[in-house]
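Given chain U, work out where chain Y should sit, using these hints.
Keeping their order, the protein sequence lines are chains U and Y. Under our numbering, the residue at position 438 of the first sequence is numbered 438, and the numbers go up by one with no gaps. Under our numbering, the residue at position 565 of the second sequence is numbered 565, and the numbers go up by one with no gaps.
For the record, the hints were derived by calculation from the structure and aren't laboratory data. From the three backbone atoms N, C-alpha and C, an ideal C-beta is built for every residue, glycine too. Any given hint could turn out to be false.
[Claimed, not checked] Computed list of chain Y residues with no C-beta within reach of chain U, every gap over 10 Å:
1) Tyr167
2) Pro243
3) His468
4) Val533
5) Thr570
[What the hints assert, rightly or not] No more than 16 Å apart at the CA atoms, straight line, and that leaves these computed lysine to aspartate or glutamate pairs for EDC-like:
6) U:Lys474 <-> U:Glu345
7) U:Lys441 <-> Y:Asp622
8) U:Lys496 <-> Y:Glu542
9) U:Lys441 <-> Y:Glu460
10) U:Lys440 <-> Y:Asp625
[Claimed, not checked] Which chain U residues face chain Y? A few, computed with CB under 7 Å, are given here:
11) Arg273
12) Leu275
13) Gly276
14) Leu278
15) Val662
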Amino acid sequence: MEKEECISQWHKTRDSSIVRNRKVFPSPEQTHQSPITPESKIKQDDTPCSNGSSGDFSARGSADSPNQLLLIVVTGLSFATRLYKITEPPHVCWDETHFGKMGSYYINRTFFFDVHPPLGKMLIALAGYMTGYDGTFPFVKPGDKYEHHNYWGMRGFCAMLGSFLPIFAYLIVQELSRSHTAALITAALLIFDTGCITISQYILLDPILMFFIMAAVLGMVKFNQQSSRPFTAPWWLWLVLCGAALAGALGVKFVGLFVILLVGLNTAGDLWRILGDLSLSLVDVAKHFLARVVGLILLPLFLYVLVFAVHFALLNKSGPGDGFFSSTFQSRLIGNNLYNVSMPEYLAYGSTITVKNLRIAGGYLHSHWHLYPEGVGAKQQQVTAYLHKDYNNMWLVHKPDNDTQSQTPDLVRHGDIIRLEHKETTRNLHSHLHQAPLTKKHFQVTGYGINGTGDTNDLWQVEVCGGRRGDLVKVLRSKVRFLHKATGCVLYSSGKTLPKWGWEQVEVTCSPYLKETPSSQWNIEDHINPRLPNISLSLLKPNFLEILLESHIVMIRGNSGLKPKDNEMNSKPWHWPINYQGLRFSGVNETEYRVYLLGNPVVWWINLASLGLYLIMVAVSSIAIQRGISLQQKRLEHSDILTGGGGLLLLGWLLHYAPFYVMGRVLYYHHYFPAMLFSSMLTGVTLDTLLRNADLLLCQPYSDWLQRGGQMVLLFTVLHSFYMFHPLSYGMTGPLAHEPGSAMAGLKWMDSWEF
Amino acid sequence: MLQLPLVVTARLDLVLVLVTLLSLWTRLGGLGYPGAVVFDEVYYGQFLSLYMKRTFFIDDSGPPLGHALLALGAYLGGFDGNFVWNRIGAAYPCSLSVWSLRLLPALGGALCVPLGYLLVLELRCSHLSALGAALLLLLENSLIVQSRFMLLESLLIFFVLLAFFSYLRFLNAPGRCWSRYGWLLLSGVSCAAAVGACPFQGGLSRVTRGQPLQVAFGSQVTLRSSAPRPVPCWLHSHKANYPIRYENGRGSSHQQQVTCYGFKDVNNWWIIKDPARQELVVDSPPRPVRHGDIIQLVHGMTSRLLNSHDVAAPMSPHAQEVSGYIDFNVSMATQNLWRLEIYNREAESEEWKTIVSEVRLVHVNTSAVLKVLAGSDVTAVAEQSTSINLDITISHDASPAGQEQKEREAELHSPTHIDVDRKISFWSKFTELQWKMLTVKQEESEHKYSSAPLEWIAMETNIAYWLHPSSNAQIHLIGNPVSWGVANLSLLAYQLLAALYLLRRRRGFRDLPDGAWQRFASVGLLCGGGWAVNFLPFLLMERTLFLYHYLPALCYLHLLSPALLEHIHTHLLSSRTSRHVLGVCTAAVLLSVFLSYWTFCPLTYGNPELTANQLQALKWRDSWDILYRRR
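Okay, chain U solo, but in the shape it has when bound (with noise of 0.2 Å):
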């Protein structure tokens, strides 16, 4: 009993030591300076049966090469699986028609507006132009044909960094829990799931973006592991690759926020541990909190600006986004028609404007043939902000009476009081004592009156910011402010988006409130008027920090107005790790080519399942702790690597999942994919614990071979549900799965599954 005890033993500490190894090892030479050692060579002789360090060298050499096997095993799949069938469908797919086309408008060099910042789709256009792609396939819609341009280099890349993803979760996992067959499970996982073939199979961000996370969090370990040896090179070097990642995960999309924030609570961490660590002199933590500056904020920052430089300097042309911004913005385009413009240089009556609102992306002001429909203030025209240029956006500068017309038309100046025709409708811009729409402690403006006939509600007082009674207004210039004589409420742009009936354009209200804010002033974008003379105007160029703050503020709304559409399918974030519903990325009925994006539902199953499964063993663990059951050391070691390792794993989990229950924005199913990554990554560490841990239940044989049995099981059931859903990700064609002739038949296991 008790030789059998110790044999047991035996193999624990010499598992244990091989994790020791790696621990106090790396650095021989400093292993009298590390504050960790003593401890552990206490542990190591408190263990009665070790063999001394002979055999831990060995066990130690004969780890690495498996291990560089199994890295070229991972790799190799990886890239098999992703790049299998890439060109498959040849036409376009999902979300590709954005991507694709914003690729075309990087290598073409117009300017788009988008929600994601540019790194994504410049490397997208980058890959695209290497690779002979010359932008001229329009992507407008999905389900185009490519037919003779070369999509196949875009597609590619995006393939090619989602090919990392397992080999980068393999070393993550490797390096928290030290064990490869935790990594191996992570690997497989990751490898053999249909659904993250699928979404790096095409032109999409996702990829790219999971990419960085991934670097950042491979960095971010592999950082902290050389915690024993600061500064040296590899300290520095990891510190300053998980910082270049994290700009790039930024860079890509604002989802990169979530693992900057499981970066700073790492780094948060570490430097409270530096600080505790009284050995260390004040200067010493002073050193090492400025690294962390400089690798993990001023590093990321200073790259990711330099993107967005990068960014402005290609898209120099004039384009789709133009009316996004504000005037002096759209003056550095060529093409646009303020770049170089030339109008009259003052605000005069009889003149045809546009008026745009100086909040960033507030829009010009707009009115169309539709009412504000019934229970919504007066059943008056609209009037709205819109963020297109259009022939709606011009109005009629006139005095109160009907103008008498004298050969140089009068100049508008400070204090005078103008009525605004709509040009298109022949309505007044007209206000009066109804609640907004939308902001019911302001007014409501509609369109009032015809042919410019209309009542004392129409007159409104021009007011130029910093000005005085009888300056002129500036056209570009000039903040202007309309004061509404009969109410003295300002006109305002409250940017909320107005829902259906208003074409999800931005309310404009009348504000009682005075106040100067960005809101309530306007400028007079373009001016008309044949009978003055155009002058060029040079505008004040902005700078570079304006530029970069304007577009965050653009992107940041754009993100924050896309609610969903009554027509889009909505998805609810408690679907997504029980693999509710995927997207359809191609193809709808039998005669197509279908690609179904859907996780392989067994290992997301999996995946849930590990979840609950590590909580409880975490709680058995720590109450066990707590309680003060004297556990061997190899528990002991387990339950570190269960809170330290699957902690910071879980915590990433979290962090890419919880934030989008909060959200406003429409979600889709694709947003789940970080998550599940870190998800994966847990259920490696979870299961090979759990499998570790055989040895509770049987004694020694046995429960060696319910450990390996129990990762053949896994492995092959993995492997066998990838075989039966890979068509989801590789195509099928023929009959849809509920009928019996289908590759899918009889695996539709779930009703809201669309294949």
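Positioned in the frame of chain U, the structure of chain Y alone reads:
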């Protein structure tokens, strides 16, 4: 054995008594003024009337304890429920004792002040600090305003503070003391009361009130689509026909249009008709509509029957058109029978209930399901899910379309007579109500005085509660600006100080003895934590919020300020002079708190009337809405 002399020794904290009296005086004085409906009284009053008449109602604003308490006050005051709560400012009848309606909330509000005093003592601070906290609470105009009317927040605050206090009593009491568990029990009870009184959403959001729960043949209903869409839409029809030919040349039935309309409208009303009978009135007793019943739907305004037939729908040609049937004599027979399926039923013969039931209308002739189709936003069409053979099971399970429906408080049938609850056990009633309160969908809207949580901290907003019908006398929910400033400042100072202490402790500097450090930490955790818990969740809420939602959080800050000051006094200032300076500063601050309280008193009590210029002078912030009457 009686021991003589019989002695009762009583110790009376005179300060506490004084504070309590002052608090009662500020909260209860002149409670009957104004004798008109003030702000949300219009909202709670409706429930009050329903309670008085013992009508069952569903309210999305929260559990019923608060309403029941208000109703108790009303009952004692002899209110019979006969008052129409229709607008703010409506004068109460003379027979109504306004005073009794408002008494209970005012008492709750008044007791908050001594409770604050005791709480600070329980936090192991001195009596002077306790007095400071009590004064801050006493002179907080917003708490006074909120207490003096028939509103629930003051009761909520009272219960929250009581729970907090009794829990501290439990923790601080010596172990194994019997009364200790009494405090724990009291804490639990007041937690439950706080939750029970908690108005999840006050405000003037209309709810379905006074409606029968049960839908009967003859009921007038509106049917709301339960398909996930940002704006709700109701089954609608109007006097316009489908065009004979669409733009793409397709033909239609040229019958009356049926759409899904996003606004409340008289054209959204439908009457449920039994196909076997001609009359439309509700029987007595009403015959409930059950799962599986065959019904017809009559459009209220045009009397057309909801109909569907094998004609392509206007926007989605693969689906069947739905129309209001007009007999054009063109051999197009009526197909207007619908089978009702309650989607979320528990029993096979479940009755159709207002709001709760998600129902599906299955067209009897074609087995198609009434559905609002995505993409064609205004067209309700009957959809056949499978094109060739009508496999009934598939066609049903594939389309999770349902309708929530609402029933009008019908003049046809008084709601008070329906007694649906007799058979239901208390627990099933309880769970059903809980679930309903959490899931009743709210329409997001903005109110003139609604505000965003971040505006509360600096009090950038106010709420006008009442304006005298002829003069400038008015009541506003405005906090005491000075004490709000003090509260914010102390929160900030505490955080900075705590961060400093933590960093220094980590480096091994023990600035404070362990006991003092623990007390400092626990004060911060309890008060700062209380503030965070009562404030931060609002940042994530997407409902209409008002300034008074911030008041519970504010109370915690008022407890924090004196505790922090005491800490600074005992542990950070060592010299006698600096302590004197602090004392003088504190006195000055308290004086200015009192002055600003005094300044805003006319807006708090609505008395005396101010001139426009005086009101203008009170507008300390541009964003405040203070009303002037034009003369």
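So, going through the hints one by one against the coordinates:
no., hint, verdict
1, Tyr167, "24 Å, holds"
2, Pro243, "20 Å, holds"
3, His468, "21 Å, holds"
4, Val533, "17 Å, holds"
5, Thr570, "27 Å, holds"
6, U:Lys474 <-> U:Glu345, "6 Å, holds"
7, U:Lys441 <-> Y:Asp622, "14 Å, holds"
8, U:Lys496 <-> Y:Glu542, "14 Å, holds"
9, U:Lys441 <-> Y:Glu460, "14 Å, holds"
10, U:Lys440 <-> Y:Asp625, "13 Å, holds"
11, Arg273, "10 Å, violated"
12, Leu275, "5 Å, holds"
13, Gly276, "5 Å, holds"
14, Leu278, "5 Å, holds"
15, Val662, "5 Å, holds"
Going through the hint list in order, the structure does not satisfy hint 11, though it satisfies all others.
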